[in-house]
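For the sequence shown, the working numbering begins at 1 and goes up steadily by one.
Do not take every clue at face value.
Restricting the straight-line Cα-Cα distance to at most 25 Å, the calculated cross-link-like pairs of lysine-lysine (DSS-like) are [what the hints assert, rightly or not]:
no.: 1; residue 1: 148; residue 2: 197
no.: 2; residue 1: 148; residue 2: 70
no.: 3; residue 1: 184; residue 2: 150
FRET-style restraints, in silico, Cβ to Cβ [as the list claims (entries may be wrong)]:
no.: 4; residue 1: 89; residue 2: 127; range: 23 to 31 Å
no.: 5; residue 1: 47; residue 2: 139; range: 26 to 34 Å
no.: 6; residue 1: 92; residue 2: 123; range: 55 to 63 Å
no.: 7; residue 1: 171; residue 2: 123; range: 16 to 24 Å
no.: 8; residue 1: 97; residue 2: 66; range: 17 to 25 Å
no.: 9; residue 1: 139; residue 2: 32; range: 20 to 28 Å
no.: 10; residue 1: 124; residue 2: 190; range: 34 to 42 Å
no.: 11; residue 1: 180; residue 2: 85; range: 45 to 53 Å
no.: 12; residue 1: 92; residue 2: 124; range: 26 to 34 Å
no.: 13; residue 1: 70; residue 2: 47; range: 28 to 36 Å
no.: 14; residue 1: 126; residue 2: 197; range: 43 to 51 Å
no.: 15; residue 1: 99; residue 2: 70; range: 31 to 39 Å
What the hints contain is simulated information worked out from the structure, not anything from laboratory work.
The model shown is predicted, which means the values in this text are computed figures rather than measured ones.
Every residue gets a Cβ at the ideal spot worked out from N, C-alpha and C, and that includes glycine.
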Amino acid sequence: MRKITFIFCLIWILYPNQIKAQIDWQPDFVNLQYAGNFGMISFGGGYELLSVEKPSYLNLGFYFGYLPEKVGGIEEYSANLKLTYIPNVRVRLSNRFDLNFLTTGMFVNYAFGNDHFTRWSERYPNGYYWWVPSIRIGVFTGGGINLKMKGSNRDFINFYYEFSTHDLELISYIQNPDYLSPIKIFNLSLGAIIYLK
């Protein structure tokens, strides 16, 4: 991890100042999410990527998650990176509302705390576990309702639902299909994206 951080810092220092000045750091959207794999509540923001034909979106979001001890047994914080594709698969409900049938994407989750570490202790033989508690990689799918700005064809708010799972749950399901069902490995989240630009 230190090597990656060092390389990133070195590239940033050597990056030309004229290009740095042209980068727009204001996020394209902010997001609030309840439940899912990021904690009981998560919030963040992000950017629209690539030149996807509107009203389709490819979003990259950065989120901070929190799980209270009363809910999860331990208090937990997480940092999350989420890539979301929202294709133009919509039904117009009115001038301002669209029903979006499909969103899909993937995420990387890093959990902080004493119970979450990136290397197992030396008491476990090398390769004993293929996973570490602090990092999860997952996928999701869902849908939602888009509210457009008055007098515009631009989305303003997207209320969404998602069903997500991660690597550890998927592998556990594949290895134990008689015990686990898809209902046990998928998590429901509800959220809202507010577009700023």
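Q: Could you check the structure against the hints above and give me the numbers of any it violates, in ascending order?
A: Checked against the structure, the hints that fail are numbers 2, 3, 4, 5, 8, 11 and 12, while the rest are satisfied.
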